[in-house]
Amino acid sequence: MTQFSRRIFLTAALLFLSAGLAWAEEVLLTIETGQGIETYDRARLEALPQVELTTHTTVTDGPQHFTGPLMRDLLADAGVTSDTVLALALNDYEIDLPVEDFTRYDVIAALTMNGEAMSPRDKGPIWIVYPRDAHRELQDINFDYRWVWQLTRIEAK
Amino acid sequence: MNQATFWRTTVPVLLLMLCVGLLVYGFLRLRAIEDSMRLDDATNMVWVISQTQVEALELQVVLAESPGDTGRIGEQYDLFRSRIDMLTQGPQLRFLERLEVAGPVVGAARAAQRLDPAVRQLAPYEEQALSREMGVLVRELNRAANRAMVSEWRVLSDRLGSYRTAVAQVAYSLGVGVLLAIYLGWRILADRRARLDAEILRERSQRLEEDLDRERATVAHWRDFAAVVSHQFRTPLAVIDSAAQRMYRRGQPAAPEVLEAKQATIREMVGSLDRLVDAALLIGRIDHQIVRPQQVIVDLAPPVRSIVEEMRRRHPGRRISLAVEEPELHAWCDAKLVQHALMNLIDNAVKYSPPDTAVDLTLFRQDEQVACTVADRGPGLSDAEAEKLFARFQRGEDAPAAGTGIGLWLAQRLALLLQGRIAVQPRTGGGTLFTLWMPETPPNQKEDAE
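Line order of the protein sequences matches chains A and B.
Counting in this note's numbering, the first sequence runs from 1 upward without gaps.
Counting in this note's numbering, the second sequence runs from 1001 upward without gaps.
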């Protein structure tokens, strides 16, 4: 193998590796904590305690099964201490969420729906899911708009 | 069930039930409103449709600005797909079906789904076709958004209308309930007032009845009194008249002894008339409350002895005995009036018993009363007569019966005036026994002492 071909191979291998790493390390969620910025890839999100939640949603039929970390665990992990956070989605949806919601209810940052990872084409990568079936007061339009899907960024306010 | 029971019981109970029913109905309606005042359906469909429209337009822009840029096109296509996929499934699709725009929207969506850049890179003509499909979809979505808006406003308006109706019903039921409650309260008050009025009326009529009875008794009393008095006056006058005639019969004076006897008779009759006038006047004074007894606690033995002496003088041929059981017998009375009463009792006994029989008086004490009996051996009274006389005496209102004489009646009036009484009963062995009872102490004082 010539020097050139070896260089080609190395370059290709590096490229491949970096591409692979890039997929694995693709940032799904950015949290601006006020003191700094925390980024989360799938692995870091999955390293947090995973919670299962089965509930109806307003945009689907029948109960859906979700898994993902609790929002309060996620914010604690990032070091967010504010009372309100701004949630931003891929589709430019943005909404203020009171942090109290996450302490009062077991709200999760769902990564999977019915056992499959959610993609941006669906409602992924992250869907904020409220335990709607467990609390009657959550079955209200005032909470329905807090179900941010395609979540990509959280900013402490 | 009569009319009064119906109006006084059945109607109020029915109204009360109606009142409670209306309040319960109002309460239930309010609960229903509370439950329904919650936005839970897909009531934000206009927004969902418009967001899909935005992503479709964005995709058109990206396709126009960066043809062949797989990355940008892919990202925007994902965002578009997330919107259109959601819109064409589940509750959202059913909503579109209700608006009757599901067909065109789903058709345009299928066409766009066939041109998926993630499956294979799109050729330039395919990118143009995707852009055209976006244009079609945007127009369909526009129609859908219009209809959704109209539908949502209609739903909202219907809902507000039903709330208005419900609130009005609640208001009416509360209003009617309150009116009924006021009516019932008024009924209760009116009933109570009517009962009070009826009570007052009843008392008043009772008083009138009593007054009338008293007036009737008084009239009867004076009528009888007048009859008795005229009779009693006439008798001595007739005796005097006949005596006077005998004194001058055949134009010459009678023998001296006859003359003397007739004079004695005349004098006796005049005395009797005198006493009758006294008695009549005394009764009149008692009735007009001119005579007021001067009641004190006094030993009755001396005045009784004195009146017995007096009566012995008045009836020289008759034996009148007196037994006093205790040295002193104190009673609460007016001695003069007691003497008068006894005088009448003795007169009565003398008059209605044979001349050869005695009249026996006994003065004694019994049950905190001082009593004086006057007993004769006259024809006596049957139990029924005695009872009748006794009852009449108790009432003290009736005039004396014919033949009883004004004296008994006066004695009875005096006894009552002194807060005593006269009892009458047959005497063992024949005759009648009158007893005058006088209290030892004033009744009030006795009560105070207790």
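None of these hints come from the bench; they were simulated from the model.
Cβ atoms here follow ideal geometry from the backbone N, Cα and C, with glycine treated the same way.
Some clues are possibly wrong.
Stated by the list, open to error - Quick list of simulated restraints, FRET-style, between CB atoms:
id : chain 1 : residue 1 : chain 2 : residue 2 : range
1  : B       : Thr1009   : A       : Ile141    : 35 to 43 Å
2  : B       : Phe1006   : A       : Ala134    : 29 to 37 Å
3  : A       : Thr81     : B       : Arg1154   : 44 to 52 Å
4  : B       : Val1011   : A       : Ala134    : 50 to 58 Å
5  : A       : Leu86     : B       : Val1119   : 46 to 54 Å
6  : B       : Pro1091   : A       : Leu86     : 26 to 34 Å
7  : A       : Thr39     : B       : Gln1128   : 49 to 57 Å
8  : B       : Trp1047   : A       : Leu86     : 39 to 47 Å
9  : A       : Ala134    : B       : Gln1128   : 26 to 34 Å
Said to hold, decoys possible - If the Cβ cut is set under 7 Å, some of the chain B residues that face chain A in the computed set are:
id : residue
10 : Leu1079
11 : Arg1081
12 : Met1086
13 : Thr1088
14 : Gly1090
15 : Asp1278
For each hint, the structure was consulted:
Checked against the hint of 35 to 43 Å, the pair B/Thr1009 and A/Ile141 fails, with Cβ atoms roughly 53 Å apart. At roughly 58 Å, the beta-carbon separation of B/Phe1006 and A/Ala134 lies outside the given 29 to 37 Å, and the hint is violated. Judged by the Cβ atoms, the range 44 to 52 Å given for A/Thr81 and B/Arg1154 holds: they are separated by roughly 46 Å. At about 53 Å, the beta-carbon gap between B/Val1011 and A/Ala134 stays in the expected band of 50 to 58 Å.
The hinted range of 46 to 54 Å is not satisfied by A/Leu86 and B/Val1119, whose Cβ atoms lie roughly 35 Å apart. About 28 Å separates the C-beta atoms of B/Pro1091 and A/Leu86, a value consistent with the hinted range of 26 to 34 Å. With their beta carbons about 38 Å apart, A/Thr39 and B/Gln1128 fall outside the hinted range of 49 to 57 Å. The beta-carbon spacing between B/Trp1047 and A/Leu86, approximately 19 Å, falls outside the hinted interval of 39 to 47 Å.
Distance hint for A/Ala134 and B/Gln1128: a CB-CB separation of about 49 Å, inconsistent with the stated range 26 to 34 Å. Taking 7 Å as the C-beta cut-off, the interface hint given for B/Leu1079 holds, the closest approach to chain A being about 5 Å. Satisfaction of the interface hint for B/Arg1081 is found here, the shortest Cβ-Cβ separation to chain A being roughly 5 Å, below the 7 Å cut-off. The closest approach between the C-beta of B/Met1086 and any C-beta of chain A is roughly 6 Å, which is under the 7 Å cut-off, so the hint is satisfied.
Interface hint at B/Thr1088: violated, since its Cβ lies 12 Å from the closest Cβ of chain A, which is beyond the 7 Å cut-off. Proximity of B/Gly1090 to chain A holds as hinted, the smallest CB-CB distance being about 5 Å (cut-off 7 Å). Taking 7 Å as the C-beta cut-off, the interface hint given for B/Asp1278 is violated, the closest approach to chain A being about 107 Å.
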